[in-house]
Amino acid sequence: MSALQMHPGQHPVDEALVRRLVAAQFPQWADLPVVRVPSGGTVNAMYRLGDAMAVRLPLLADGAPDVRLEQEWLPRLAGRLSTAIPVVLGAGEPGEGYPWPWSVLRWLPGEIPQADALAEPELLAADLAAFVTEMRGSLPVPDPATKPKSESGPAAGAPIAHRGGPIASLDRATRSALAELRGIAEEKFDWDAVEAVWDAALRAPGPDGPPVWLHADLMPGNLLLDGAGRLAAVIDFGCLGLGDPACDLFPAWNLLPAAGREAFRKALDADDAAWTRGRGRTLSQALIALPYYRTTNQAMAANARHVLGAVLADVEAASVGG
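For the sequence shown, this note's numbering assigns the number 1 to the initial residue and increments by one for each residue that follows.
Source of the hints: derived by calculation from the structure; they are not laboratory data. Predicted model only: the values in this text are computed from it and were never measured. We treat Cβ as the ideally placed atom computed from N, Cα and C, and that holds for glycine. Wrong hints could be hidden among the right ones.
Each pair of labels, with its calculated beta carbon distance range [stated by the list, open to error]:
#, residue 1, residue 2, range
1, 75, 319, 27 to 37 Å
2, 208, 183, 30 to 40 Å
3, 266, 61, 21 to 31 Å
4, 27, 257, 44 to 54 Å
5, 208, 114, 28 to 38 Å
6, 80, 175, 17 to 27 Å
7, 259, 319, 16 to 26 Å
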């Protein structure tokens, strides 16, 4: 597969298709220029529509439910978070040979952060912790013992976050990826140490409270920074839902350096069990991503390698400090 053809069954998407879809369903925007936005994303293609909008289209059938999820829940989150988030301006439908729903969103300015090249890592850590804290309290959490009083209420039909369930549910896929990586000579990590980190995550106590609202995909590619290196916006809410609070600790290892990592943990008051689960969940995502994307998405592969290095360094530092 080519760099753009990351998945079997990926639907071809280009500027011409986007122009046809926009013209057919949103004729008021038909004369605006369409330009592809370079991205390390794995599920959606992104196009700039004029100066103020973006078109986001799934590349795979598996991405279609995420679009519907965003179209339903982003309006419910509007005004509840201090950080800018996407605003759905148009809900596109299948057409012009394209088989899935798609969205027109407000364009959010900013730069995607690069791990190891952050201008203000500790301030960014504080920004990220503030977003995670606000996200956790952004919407009511339904009582599992009762049915919502109104199906149209702010938490009616609350989704379960992607990867938000018990960490043990990730074990099979994580160990399969680890076994595959052990056989790739070019990927030079201490795989026994990596496996020990995963084993420790599985042994960690689970959450001691109810599930919380999560973004559940706080990858660097889903964050936008302003010119001062501070958090300007968070995008891609396709994994949003309820789950283990540790799921939104990902930036500690996929982005922040050691000092920022500690600031992030302190701001969120993450205990040892949550920290161990969060580290394991981040590790799992990286292990699964690396063999799949190592030849088709260099941004994802590079971040997975960064996570592996950060996780091992974090564990070593904790061992020395302890």
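Results of checking the hints against the structure:
1. 75 x 319: 27 to 37 Å: violated (46 Å)
2. 208 x 183: 30 to 40 Å: With a Cβ separation near 39 Å, residue 208 and residue 183 satisfy 30 to 40 Å, so the hint holds.
3. 266 x 61: 21 to 31 Å: violated (42 Å)
4. 27 x 257: 44 to 54 Å: For residue 27 and residue 257 the Cβ distance comes to about 48 Å; the hint holds.
5. 208 x 114: 28 to 38 Å: Holds, at about 36 Å.
6. 80 x 175: 17 to 27 Å: This hint is violated: roughly 38 Å between Cβ atoms.
7. 259 x 319: 16 to 26 Å: Holds - the Cβ-Cβ distance for residue 259 and residue 319, about 18 Å, lies within 16 to 26 Å.
Hints 1, 3 and 6, counting from the list given before, are not met by this structure.
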